[in-house]
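Sequence lines, in order, name chains R and Y. The opening residue of the first sequence carries number 1 in my numbering; numbering runs sequentially from there. The opening residue of the second sequence carries number 1001 in my numbering; numbering runs sequentially from there.
Rather than coming from a laboratory, the hints here were simulated on the basis of the structure. Watch out, some of these pointers could steer you wrong.
[Claimed, not checked] Pairs of lysine to aspartate or glutamate residues, derived as EDC-like cross-links and limited to a Cα-Cα distance of at most 20 Å, are as follows: (1) Y:K1251 to R:E15; (2) Y:K1090 to Y:E1252; (3) Y:K1311 to R:E44; (4) Y:K1316 to R:E44.
[Stated by the list, open to error] Chain Y stretches covered by chain R per the calculated footprint, using a threshold of three residues with CB under 8 Å from any CB of chain R: (5) 1242-1256; (6) 1311-1320; (7) 1411-1424.
Virtual Cβ for every residue (Gly too), placed ideally from N, Cα, C.
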Amino acid sequence: MKMVTAIIKPFKLDEVREALSAIGVQGITVTEVKGFGRQKGHTELYRGAEYVVDFLPKIKLEAAIQADQLDRVLEVIEKAAQTGKIGDGKIFVQSLEQVIRIRTGEVGPEAL
Amino acid sequence: MKKIIASLMLLAMLCGLAAPAFAEDMAPAAPETAVTAVAEPAAAVAEPAAEAAPVPNKGDTTWMMVSTLLVILMIVPGLSLFYGGLVRAKNMLSVLSQVFGIFALISVLWVIYGYTLAFGDGGSMNWMIGDLSKLFLAGITPDSTSATFTAGVVIPEFTFVAFQLTFAAITTALIIGGFAERIKFSSLMVFSALWFTFSYLPIAHMVWATGGYLFEKGALDFAGGTVVHINAGIAALVGAIVIGKRIGYGKEPMAPHNLPMTMIGASLLWVGWFGFNAGSNLEATGGAALALLNTIVATAAAALSWMAAEKMLRGKASMLGIASGAVAGLVAVTPAAGLVGPMGAIILGLIVSPACLWAVSGLKKSMGYDDSLDVFGIHAVGGIIGAIGTGIFVSPSLGGVGVKDYEMMHQVMTQATGVLVTVVWSGVVAFICFKLVDLTIGLRVSEEAEREGLDTSTHGERAYNI
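Just chain R, with the same shape it has in the complex (with noise of 0.2 Å):
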């Protein structure tokens, strides 16, 4: 079983989650993040104050997968989340030691 973290930009998590249901990843996690990387923040002005905003708004997206799932699953959040232009984000794959499925007590690839 894997674990799949991927960043990406916001408005892109509705083609991300549709495709990823379209090869049938059972479910995803989702979390609103802020973070830099090497797409630049920008700069705010407020009358005469001006603030350099660092922390951009990202998506972080969590799927715990099979196996081989996995280069299926790569291939299509890549492709959904890409725009070419910089800041589209990142894919982290690690290995993921157990699932427990808390209703009925399932362990293993049955509770994915």
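With the hints as your guide, set chain Y onto chain R.
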């Protein structure tokens, strides 16, 4: 204990002020103020028996009551939201409480001793202050009347008392923008009572009451450019300097937490300002209509010129800039509203915004003071431009309504005198009042409270529980 001492000191100062006025009161002085009761028995006797005392016109009375409500709309909620949106979320309720609290406080003080000191006849002190003959509104009944600018036209005195009450309240409430996000609430209340007593009342008397120093000099101030805006703007600057900068000023971001609220507040200010400016005509006549129109076009022109200046200087026109420009325009047209023509008003509006934009950015940065919400930069600077501009654009040759024996240079100098007197008076009084409060109960909250935010540390509540 400290608080009790401070209250006693306040009381003692009030008595000190009241004593000479009381002495005057004992002498049989004939009240002869521009705005006080005409329908007194003595006056009626002097008239031929057939001629009855003037009766208020219902249209005028209605207009003045509507205007009073409009100015209240400017304060709560207008000024509250305009200021509230500009602070950080953790201080939102403190600003709302301060404006609301000051409005309530000044309303009560106004009817107790404010009205009579501002508009009474002070005898030998009349150049500066009124008397205490109408303490607790003594002697005013629903039948009492106040004069307007037209001979023989009167409005109910209660209407005039209420209308002027709102001016005193908004002026005192405006000041809080200078030191928002760091003042102690109780100290602010004490300061407000002191400053209202020793700066607002004398300046209002000097400018608006018959026999007042600036009134007799011929200084023009239609709706309160000096009395309200310069007066409050200077006090705010002094406050910002005496209290000191906010912790982290210039280092940490202090961006406004909710500009849509600021926009709503600015809009309410604009709408309410029609009561402020057109209401200052005291009658529902063409003069009020002129003031109303000027209050639209000067404001619009100032919003446009701030927008344009920002676009040219910084590359982007901001909503806050447009709203700030509108307020600057309202401030500038306040002394001019019923005196200049609409084209003069537009020019005033076009001039005021670039000047205020410079004051809130260049000037503020180079001087290093932390006038949190730019009360000085917009109200004092805009007020000074309005006051001087009124002296110029009142000229009939520039479309103004003109005044008796008008001569431009002379009028401009008179206007400048009005500005100077107000700046010095308000500045000195504000400094003394701030120092007095600082030395007795302390002006500033603790560092910990300031970091935590005044909403929870002072008021025990949070603006947004989401």
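Worksheet item: CA of Y:K1311 to CA of R:E44, is that 20 Å or under?
Response: 14 Å, holds
Worksheet item: Does the structure keep Y:K1316 and R:E44 at a Cα separation of 20 Å or less?
Response: Judged against 20 Å, a Cα distance of about 10 Å means the pair holds.
Worksheet item: With a cut-off of 8 Å between beta carbons, are at least three residues of the region 1311-1320 of chain Y near chain R?
Response: holds (count 4)
Worksheet item: Would the pair Y:K1251 and R:E15 pass a check requiring their Cα atoms to be no farther apart than 20 Å?
Response: 40 Å, violated
Worksheet item: Within the assertion that chain R covers the region 1242-1256 of chain Y, do at least three residues meet a Cβ-to-Cβ distance smaller than 8 Å?
Response: As far as the region 1242-1256 of chain Y goes, the hint holds, because 4 residues have Cβ atoms under 8 Å from chain R.
Worksheet item: Under a C-beta cut-off of less than 8 Å, do 3 or more residues of the region 1411-1424 of chain Y approach chain R closely enough to confirm the stated coverage?
Response: violated (count 0)
Practice prompt. Please work out if Y:K1090 and Y:E1252 have their alpha carbons no farther apart than 20 Å.
Written response: Distance ~14 Å between Y:K1090 and Y:E1252 Cα, so the pair holds.
In the structure shown, a violation is registered for the earlier hints numbered 1, 7, in ascending order.
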